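Engineer: Hey, can you work out the whole structure from these sequences and the hints?
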Amino acid sequence: MAESVLTTLHKHHGDDAILQTASYVGDEMALVERAHLLSVMQTLRDTPSLAFNMLTDLTVVDWLGQDPRFEVVYHLYSLAHKHRLRVKVGVPEGEGECWIDSVSGLWWAANWSEREAYDLYGIDFRGHPDLRRILMYEEFVGHPLRKDYPQNGRQPLIRRPDAVPTDDQTTRLLTHSHDRSVR
Amino acid sequence: MAANTDNVATRLAETYDSSGRQAGELPLSPSMEAFAEEARRLPTEEMIVNMGPSHPAMHGTVRVVLRIDGELIKDADVQIGYLHRGFEKECESSTWSQIFPYVDRLNYVSPMLNNVGFAMAVEKLLGITDDIPERAEYIRVIVGEISRIADHLTCIFASLAELGGLTAFFYGNRAREHLWELLEDVSGARLTHSYARIGGVSWDLTEGFEDKCREKFKKVRGYVSDIRKLVERNRIFLDRMEGVGVLPMADAISYGVTGPCLRGSGVAYDVRKDHPYSVYDHFDFDVPVADAGDNLARYLVRIEEIEQSARIVEQALVQIPPGPVIIDDPIIALPAKREVYNSIEGMIAHFKLIMDGIRVPPGEAYSYTEGGNGELGFYVVSDGSGRPYKCRCRPPSFYTTAALRQMIIGANIADVVPIFGSLNMIGGECDR
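Sequence lines, in order, name chains A and B.
Each residue of the first sequence is one higher than the one before, counting from 0 in numbering that gives the first Met the number 0.
Each residue of the second sequence is one higher than the one before, counting from 0 in numbering that gives the first Met the number 0.
Hints are computed from structural coordinates only; laboratory data are not their basis.
This structure is a prediction, so every number in the text was calculated from the model and none was measured.
Ideal Cβ positions, reconstructed from N, Cα and C, are used throughout, including at glycine.
Certain hints may be false.
[Unchecked claim] To list a few chain A residues with every Cβ distance to chain B over 10 Å, as calculated:
| # | residue |
| --- | --- |
| 1 | Asp14 |
| 2 | Asp15 |
| 3 | Asp26 |
| 4 | Glu32 |
| 5 | Asp61 |
| 6 | Asp66 |
| 7 | His74 |
| 8 | Lys81 |
| 9 | Val90 |
| 10 | Glu115 |
| 11 | His127 |
| 12 | Leu134 |
| 13 | Gln150 |
[Claimed, not checked] Examples of chain B residues toward chain A, derived with CB under 8 Å:
| # | residue |
| --- | --- |
| 14 | Ser92 |
| 15 | Lys123 |
| 16 | Ile252 |
| 17 | Tyr365 |
| 18 | Gly376 |
| 19 | Arg393 |
Structural biologist: In structure tokens form, the structure reads like this:
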């Protein structure tokens, strides 16, 4: 069963999309090329023999000093087949380069977890309906879970008067109508 | 929304004819007529109302900004993060064993389950999952299920208190007190136990634990049945629970909701049953499922799970074998105190384990257990040093709270409190 997930995935996508597969301590893993992420995820969700209908978790690992620096990690689960898969995507750092496509159109669970990943790691999820901070406050500068953010770094809780004003988050959100017709 | 804006006026128009007579009977009193006229012209402007983060009727620090039209919620923004304290960042500079106190404070209502979940993740990475002594596995199950009962009880009685059922709150609190006494007996602490260890648990059950456990369970069962008798035929309770806060099955799955909330939406997914870890396959227990997806369904699932957890504990108390409670491996488990004080090897091993931490081979693992609110996952990455490179907790509450927005849109303001209460959002876990 577990083996067939990766085999089935390979049937649908070639080596240009699936860069690497591995199995370690019972976890199946597939490293996916960033450009093919959405089509691979679509396959994983909609192929009946895979049927990963639940995105259990989404997080990021910061491999500071390596290229690509970030690895976005998705944990998928199929309620029908009771199998799991870890999908990893490398994301390089740098202005305008640190982006990945949002999967919030496939699983609503991605909405908040992508916001969290953006908040704590500063990765831009393209196509996310509402990408703003979730755990940290709006005035926070930087992304605290990056390895180069100091562990004892402190910041003022209140915006300084000379700081650039931002929109009030509440008003901005509530005037903005969300498209909830995903899927 | 148009139907709702002139609600009063429409109803009046249906009841009374154009001359203001009710079915040809009494004429409308002048004051009534004036009221009907006023209701027709009543302006309904959208309003933004803020609930929380510190709201007396909500447990958990969460802020809900509501856009309302009259009583009706048109849009909502659920804002979390008020209890964020950098769990992952702290973990990255702690040794693997130092993380246990931190995971205690994730879901502070059932810390034992977090303890076990985290220990299992590290054990998976170490490759010693099958070497854990069986007695330790049984103890983990026993304390975990006691914690689960406490967790579900907390959810139930806190949301009942928010609905005005203070008696049920006190009954529930007393029942939980009994459970905490049991856990205090085992671990020495009421709330933050730090009882599990990588490779087992820190020490054995106390003498006479089995009898004490049975005695306490009798009392807890009594309190639970008292609570049920109080509320389950109560008109106010049913009106506020039935059909309120419906989360359809497909949406629950898409939101990644797990645990009692998912089972309340009709999906029989329980990690203990579907992927039996530890010794859960040795017990006979049922996974309660309710189809409605409303507050009442989630309440019923929790009430039934209390009984099932009690069944598991009772079976475990009978089945538990004698033996060691922690793995016999000096690289993983701390040596016994008498060896630390009396032998140089013991002292060095102790020193190395405390200062450098357990050397976990490089790699990554995702371990999942059934926490109080659903699938509690730990994704741990090691670079071979004594400290985790990354230690991510998959918090069930986070994903459940993400679904709150959809559940309260279209409901009344007053429904926010029972809906939120039925999700059992634990701030410490949601915000980490």
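Engineer: Now, for every hint given, state plainly whether the structure supports it.
Structural biologist: Hints, one by one, checked against the model:
no.: 1; hint: Asp14; result: 23 Å, holds
no.: 2; hint: Asp15; result: 24 Å, holds
no.: 3; hint: Asp26; result: 6 Å, violated
no.: 4; hint: Glu32; result: 20 Å, holds
no.: 5; hint: Asp61; result: 8 Å, violated
no.: 6; hint: Asp66; result: 17 Å, holds
no.: 7; hint: His74; result: 6 Å, violated
no.: 8; hint: Lys81; result: 5 Å, violated
no.: 9; hint: Val90; result: 15 Å, holds
no.: 10; hint: Glu115; result: 8 Å, violated
no.: 11; hint: His127; result: 13 Å, holds
no.: 12; hint: Leu134; result: 4 Å, violated
no.: 13; hint: Gln150; result: 6 Å, violated
no.: 14; hint: Ser92; result: 6 Å, holds
no.: 15; hint: Lys123; result: 5 Å, holds
no.: 16; hint: Ile252; result: 5 Å, holds
no.: 17; hint: Tyr365; result: 6 Å, holds
no.: 18; hint: Gly376; result: 6 Å, holds
no.: 19; hint: Arg393; result: 4 Å, holds
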